[in-house]
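Participant: Single-letter residue listing:
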Amino acid sequence: MTRLSANDLTLGYQRQVIMRELSLALPESRISVLIGANGCGKSTLLKALARLLTPWQGQVMLDGDDIHHQPTRRVARTLSLLPQHPVAPEGITVRQLVSLGRHPHQSWLAQWSEEDERQVELALMRTDLTAQAHRSVDTLSGGQRQRAWIAMAVAQDTPLMLLDEPTSFLDLTHQMEVLELLKSLNRESGKTIVMVLHDLNLACRYADHIVALRDGAIVAQGAPQAVVTRERVKDIFQLECRIIEDPFFHTPLCIPFGPGSRSVGGESGLSGQGAPSMQTTESSSQQNMHTGSKHVTAGWEIDG
Amino acid sequence: MNAHGRWGQGRRARRRLLAWSGLLLLAMAVSLMAGSRWLGPEALWHALWSPSPTNVDDLLVRTTRTPRTLLAAVVGASLGVAGGIMQTLTRNPLAAPGLLGVNAGALFVVVMLVTLGGDLPAAVTHLGAFGGAALAVALVWGVAMRRGHSVGPLRLLLAGAALTALFHAFSQALLVVDQQGLDSVLFWLAGSVAGRPLAGSWPMLIVALIALVACAPFLRQWNVLAAGEAVAIGAGVAVRRLQLVSVALIVVLAGASVTLAGNIAFVGLIVPHLARRLATPDHREWLPLAAVIGAVLLLLADVAARTLILPREIPLGVMTALLGAPFFMWLVRRQGVQHG
Amino acid sequence: MADVRALRIGGFSRAIVWRPWWRVLAVGVALLLSLSSCLALGKVPLGPTALWHALCTPSSDTGLIVWQLRLPRILLGALVGGALALSGWLLQQVMRNPLASPDTLGVTSGASAAAVGYLSLLAADSGSAWLPLAAAAGALVAVGLVYRLAWHRGTTPLRLVLMGIGLSALLTAATTYLLVSSAFSTTLSAYVWLTGSVYGGNWSDVARLAVGVAVALVAMGALMRHALLAGVDDALAVGIGVRVQVMRGALTLLAAVLAGLAVAWGGAIAFVGLIAPHLAKRLVRIPGTAQVVMSIALGAIIVMLADLAGRTLFLPRDLPAGLFVAAIGAPFFLMLLIRQVR
Chain W
1 MTRLSANDLT LGYQRQVIMR ELSLALPESR ISVLIGANGC GKSTLLKALA
51 RLLTPWQGQV MLDGDDIHHQ PTRRVARTLS LLPQHPVAPE GITVRQLVSL
101 GRHPHQSWLA QWSEEDERQV ELALMRTDLT AQAHRSVDTL SGGQRQRAWI
151 AMAVAQDTPL MLLDEPTSFL DLTHQMEVLE LLKSLNRESG KTIVMVLHDL
201 NLACRYADHI VALRDGAIVA QGAPQAVVTR ERVKDIFQLE CRIIEDPFFH
251 TPLCIPFGPG SRSVGGESGL SGQGAPSMQT TESSSQQNMH TGSKHVTAGW
301 EIDG
Chain P
1 MNAHGRWGQG RRARRRLLAW SGLLLLAMAV SLMAGSRWLG PEALWHALWS
51 PSPTNVDDLL VRTTRTPRTL LAAVVGASLG VAGGIMQTLT RNPLAAPGLL
101 GVNAGALFVV VMLVTLGGDL PAAVTHLGAF GGAALAVALV WGVAMRRGHS
151 VGPLRLLLAG AALTALFHAF SQALLVVDQQ GLDSVLFWLA GSVAGRPLAG
201 SWPMLIVALI ALVACAPFLR QWNVLAAGEA VAIGAGVAVR RLQLVSVALI
251 VVLAGASVTL AGNIAFVGLI VPHLARRLAT PDHREWLPLA AVIGAVLLLL
301 ADVAARTLIL PREIPLGVMT ALLGAPFFMW LVRRQGVQHG
Chain Y
1 MADVRALRIG GFSRAIVWRP WWRVLAVGVA LLLSLSSCLA LGKVPLGPTA
51 LWHALCTPSS DTGLIVWQLR LPRILLGALV GGALALSGWL LQQVMRNPLA
101 SPDTLGVTSG ASAAAVGYLS LLAADSGSAW LPLAAAAGAL VAVGLVYRLA
151 WHRGTTPLRL VLMGIGLSAL LTAATTYLLV SSAFSTTLSA YVWLTGSVYG
201 GNWSDVARLA VGVAVALVAM GALMRHALLA GVDDALAVGI GVRVQVMRGA
251 LTLLAAVLAG LAVAWGGAIA FVGLIAPHLA KRLVRIPGTA QVVMSIALGA
301 IIVMLADLAG RTLFLPRDLP AGLFVAAIGA PFFLMLLIRQ VR
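Residue numbers (our numbering), protein chains in the order written: chain W, 1 to 304; chain P, 1 to 340; chain Y, 1 to 342.
Since the hints were derived computationally from the structure, they do not count as laboratory data. C-beta atoms are modelled at their ideal positions from N, C-alpha and C, and glycine is treated no differently. Hints may be right or wrong, so weigh each one.
[Claimed, not checked] Chain W residues, not near chain Y, derived (Cβ > 12 Å throughout):
hint: 1; residue: Arg-126
hint: 2; residue: Ser-141
hint: 3; residue: Trp-149
hint: 4; residue: His-198
hint: 5; residue: Ala-226
hint: 6; residue: Glu-231
hint: 7; residue: Lys-234
[Said to hold, decoys possible] Calculated cross-link-like contacts (lysine to any residue; reagent style SDA-like; alpha-carbon spacing at most 20 Å):
hint: 8; chain 1: Y; residue 1: Lys-281; chain 2: W; residue 2: Arg-135
hint: 9; chain 1: Y; residue 1: Lys-281; chain 2: P; residue 2: Arg-155
hint: 10; chain 1: Y; residue 1: Lys-281; chain 2: W; residue 2: Ser-136
hint: 11; chain 1: W; residue 1: Lys-234; chain 2: W; residue 2: Gly-39
hint: 12; chain 1: Y; residue 1: Lys-281; chain 2: W; residue 2: Lys-234
hint: 13; chain 1: Y; residue 1: Lys-281; chain 2: Y; residue 2: Trp-67
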């Protein structure tokens, strides 16, 4: 099932073509993550899916209609968007910001209905911002601010959410916080989430569906286990790596190698069956396994 | 930009500079010849090397056109270099003394002195213009450099525009209060190099020339500074001191220009762009070129100003704005298109 | 729900931010106080009882002074100030920059060029009756040009501001040329206009400007929601279903009309449009209805008091209000610049 898809999309800026005749269907009620190296066109693709960019050719289809032929307010009731570096108006409070998300549901007459108020309070609650609601957005910390933006998208109450690098500039704790929030939105409310992520391992952890891009073309898509392999990572990122299974979550875990890693690892580290450095990793993770979560397999195999 | 690659390009740069210097001489000659009465090369030669005190043409050249030509050349060079340093310092390609309120600041102080002080000696007015320019530069500097990182182009230019509006509002208010001052101030307002005898301008001309030469030792450091303050500090440049020296040079160059020729807009904006386009981004190449191009442009603008609507003259500042503002808008459009 | 009040009548609903309501109230009181002191002070100062008496008997001598000379001039000043302040608030919102003002878009320079051109070329034949019209037309044409020049598949605030600065420089040069080349007496009257004043305001001026401002206020009421949204960046605004270019165009047009009206009757009073919204934002941090009301009230107060200073401080001279607006505005503006440094 899909509600959002791209048909033969050709995108570009000015005279520069970014991608040619790309087709993509995003699975409904799943978390899809676009990955790829810098400049591969993943943000461009997300912008096109969110109708920020008019395609040169092809269409973005939302519920069977060209997204550019639908009234923008109607689209906004189905699809919300968090761009990469959103800017908040000066002095605006968190509650005001979140209530901006209600815009597509409002008319000239009804600009603050009870439903609006309910949805805004709900969004604040879900993002754990109720206590900060009266504060000015300028005074929030980075993680709180990101949650406020997500709350705005949540208040928009759309079945689809598009997010462009929602974890950039956040530390590890806040990255996890944001991704957990998105996951719970997906699991509890069945929202379709499409996002661009830089961190391959987090992408593998949280994605149901990964779309890997290189030079404006889709290299592979599907479940993380199927998509993220050593060859693919080398292909996409020009990076040597080893893929192992995450001992806790069973998702692929990418261990990158630079030229220097080889000498540390004794033998090449690329062909060997497990360099010394990796064995220490193994033992420490096995220690964690005892104290950590239950779904741990004793041994893990090296992919490739 | 590195020391090795430099000499290969250096020869081309020198040739370019030489060609523009030739053009400068040509422009100066044209400026001496053109006007309400066109004088041929022969008459010019005669006036310059064997003047007779009774010949009207010789007098015209020696007393009216020579000072005017010298002024235009020096002011053009100063403004070109001041704009260039400003753009490097603020890391903003749209920075220029006129747009950032420096001219308006100098103008305001002059108006204040003329209206409140009555008949003051020229030296006091000149110093006042300097003070006004310094005040405006200090304010812009304060806005542009907030603790190390430069602000966006929008904020800097808006601050400059607001500063200009503020100074203009004050100047206008003073002129409304004291209407006698208006006549003597109009020259500053419109910008002109006409009718200024060399006798009063010598000191400022020399100051401007000294400031131009004084830029030479800093060219290499500006190259590093252009890569960003943090990089410059990392490369061992005494950034604070360099910035202070640069600001001082801007004040002297822009202040001297306003003192000599009043409010002349846009030369400081356009010239560095032309120079960078013609040369490499190396300050050692484009900043000297900017001086020469600035001089040539202002000379030509002055020739146009005094010949286009004979027998009257277009004020030079109006002329440069008419030429420069469309250029500025074209620049904005091009950049805007490039960055989406 | 301390900061946002809901107003719901049937299907009609609004969220109203009135949090620092006592500050709005205080500014309202200040507005009344400055209105009454402007009425009382002048060449013939009136005490409270004398003022009351004059207000009650419009046909008495003092009644004539208050009703026919002072009140229309004061109201004209208040309308001009309020309109400029609202225009400035809108533009700061649309340009997403606290330093934007009606000057930035070329409103003032366009009106100035048109007014000075009118004074030096046409006034000799047709008198100065059409001066407001010329100024307003100049302002609107300038904004239209700026908008057109900045348009490339839509506009961005950055391009609008930069084009505004460029066109302003061009128009200022043209104005300077007109000033330098026209007769000295024309130059003087042009200077008074450029400084900005509400000299000789009468009831018909007040009525016309009031109608214009009232229409603009109605439009403002209708666009209030979008005025708040204008501060959000374009991508996000598209995301919540706003037609960004339409919204930006409508808000800019509204701001231009307001400033054009004000400039037509008040001359190029600089800085009200920059300062009043700023003061308002310091008093009411949260953008919303309270901030808008505050801006308008402060703009009105600033121009009224500046005009009061102009006609009382240097008696017997009557100086243009713009002079004192600049004098009040300068320290504030410098403070603003220094605050930006931090």
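Participant: Hint by hint, which ones does the structure fall short of?
Facilitator: 3, 12, 13
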